[in-house]
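S.K.: What follows is the residue order along each chain.
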Amino acid sequence: MSKYEVEALKDLQASKNRVMTNVVKQIEQRAIPKHSRRWQLSMFTIILTVCIGIFIYAQINNGEKLSANAVPILDEKIYDIVLQDASQTDEKFTNLNFQALIEMDAYYAYALSKGIKFSVAALAEQQLLERDQLVNAIKNDNEMIEKLAMLQLSPEDFYDKYYGVRMFAQAELKKEYFRKNESSFQIHAYSAVKKEAMDYFTAEYGTQIAYLKNKYNVSKTILAAKYKYGTVVAIEEDRFLVVTGALPEEIGRLSNEEMINKHTNGVWFPLFASQQKITIGQNVNITYSLQERLDQYDFVGDLEEIEISE
Amino acid sequence: MLVKELEEIMELHTERLIRLAYYYVKDLQEAEDIVQDVFIKFYDNQQKYEERGELKAYLSKLVINKCKDYFRSWTYRKIQVQQKIFAKQTIARRDMLVQQDEQTLIETAIFALPLKQREVLSYFYFEEMPVAEIAKLLSIPDSTVKTRLRRGRELLKPKLQHIEWEVLLHE
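If you read the sequences in order, they're chains A and B. Take the position in the first sequence, starting the count at 1, then add 3; the result is the number in this note's numbering. Take the position in the second sequence, starting the count at 1, then add 255; the result is the number in this note's numbering.
It is possible that part of the hints are untrue.
Listed next, the in silico BS3-like pairs over lysine-lysine satisfying Cα-Cα at most 30 Å (straight line) [what the hints assert, rightly or not]:
(1) B:K391 to A:K28
(2) B:K259 to A:K223
(3) B:K412 to A:K19
(4) A:K223 to B:K391
(5) A:K177 to A:K280
Chain B is nowhere near these chain A residues, computed Cβ spacing over 10 Å in every case [said to hold, decoys possible]:
(6) A11
(7) K19
(8) I119
(9) A152
(10) L156
(11) E199
(12) T205
(13) E207
(14) Y208
(15) N217
(16) S222
(17) T290
(18) I309
In short, the hints are calculated from the structure, not lab data. For every residue, glycine included, the Cβ atom is placed at its ideal position computed from N, Cα and C.
Make a model of the complete structure from these sequences and hints.
M.R.: Right under this line is the structure:
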């Protein structure tokens, strides 16, 4: 037999310390719900269901130019198709579908408002989501294949004519964000663009959104919530760094890297997402859902909610 | 159970459970999160565990179940979407792996196997667990473990054609 050690698992001391510290803190503080719920839902299903719902209604044209009017925005008939599907009786699923519908509408509407041009050529050039990967993912989902077949559409058609357009809008908006914040992280750019698009969308379509929210009885759902309690130790460009266990006397004396390595943790959060002014030395309690590893101990996260302690 | 007692249990089992979770989710951070959730669940539902000297197996099963829940979860699907949305970052990370040595190639090949083969191969080769123990842990017959091991080796062979790994040389 071959004794073999996986590279990433060679030294787990830091991981072990993190787990033990977090478990003890969470039990002691009881700051989190008893169960970290992981939704039994598929984002692909949500997005694809949304897209297919829109497809049924809109039947986007095959022309060279993709008309701004080709896909209605916030059309009640579309929402009916997606949200009143008999198979979707789960309240959380409805909430998620609604959020996905709104988010995708928001990118599209916001990009149009900024004069971003949509054309088949531009979409082909962009190739945002790796087309093959998405097409293969659809091909592995029998339910999606059946729905597409009913519409006489192939997964490739689906990507080319609808999904790519929405993701193109999002990518163009992200490019614009990166022009202003060159060293931003992808998650922060994504979160910022989502917020800008949603702010615009809510301001422009607030009444219709409220009507639809009421009609489908939906509420905001934070998915797969993660929690970070710690001290703001640095602010850079569009983000701030939170380290658990940082001591006041270390701030300004240790570099960010030294701070992260000493306390074996650190998460960069986006500044724009906080309504309150963030300053160095504040203790914060943050709820977030997305994260991407940067190095051994530090991550980039989005920000759903923040509480600032005195 | 007091927090102090839980700390003692964590001191003994955390590293092994993280390794176990990693064989399934292939991401250290996610493995840590899963083990963390399992310890909290264990603490909250301690009355469900009857002390019979099988704590190691009990915690292992909790981790395995949690990992399998994770594959069905929205989080996992979301990560798949994220990886596509943040494709450039993923590609950049892949570039760092260009210079792979043989051990890394073996590791990559094992982690690319379907879950059923990956889990038994991981336990067998990485954890050096005997077939009977794997069978007990996964609640499947010994013969199924052996079949999955054999199938796993078959799947690895074409991927590791130029590597002399004794596992593949001796059936």
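S.K.: Take the C-alpha atoms of K391 of chain B and K28 of chain A, compute the straight-line distance between them, and say whether it is at most 30 Å.
M.R.: Given that 30 Å is the threshold and the Cα spacing comes to 34 Å, the pair is violated.
S.K.: Would the least Cβ to Cβ distance between L156 of chain A and chain B come out above 10 Å?
M.R.: 20 Å, holds
S.K.: Is the nearest CB of chain B more than 10 Å from the CB of K19 of chain A?
M.R.: 4 Å, violated
S.K.: Hey, is A152 of chain A genuinely clear of chain B, shortest beta carbon separation above 10 Å?
M.R.: The claim stands: A152 of chain A keeps its Cβ more than 10 Å from every Cβ of chain B (closest is about 22 Å).
S.K.: Keeping to a limit of 30 Å between CA atoms, is the pair of K259 of chain B and K223 of chain A held or broken?
M.R.: 38 Å, violated
S.K.: Is it the case that T290 of chain A keeps its Cβ farther than 10 Å from each residue Cβ in chain B?
M.R.: 15 Å, holds
S.K.: Should the label of E199 of chain A as a non-interface residue stand, given a Cβ cut-off of 10 Å to chain B?
M.R.: 16 Å, holds
S.K.: Would I119 of chain A pass as off the interface with chain B, using Cβ distances and a cut of 10 Å?
M.R.: At about 18 Å from chain B, I119 of chain A clears the 10 Å cut-off, so the statement holds.
S.K.: Would you check whether the claim that Y208 of chain A is not at the interface survives, using Cβ distances to chain B and the 10 Å cut-off?
M.R.: About 24 Å separates Y208 of chain A from the closest Cβ of chain B, which puts it past 10 Å; holds.
S.K.: Compute the least Cβ-Cβ separation between T205 of chain A and chain B, then decide whether it is above 10 Å.
M.R.: Holds: least Cβ distance 22 Å, greater than 10 Å.
S.K.: Verify that the Cβ of I309 of chain A lies farther than 10 Å from every Cβ atom of chain B, and report whether the claim holds or is violated.
M.R.: It holds; I309 of chain A is separated from chain B by about 21 Å at its closest Cβ, greater than 10 Å.
S.K.: Does K391 of chain B lie within 30 Å of K223 of chain A when you go C-alpha to C-alpha?
M.R.: 43 Å, violated
Consistency with the previously given hints fails for numbers 1, 2, 3, 4, 6 and 7, ordered from lowest to highest.
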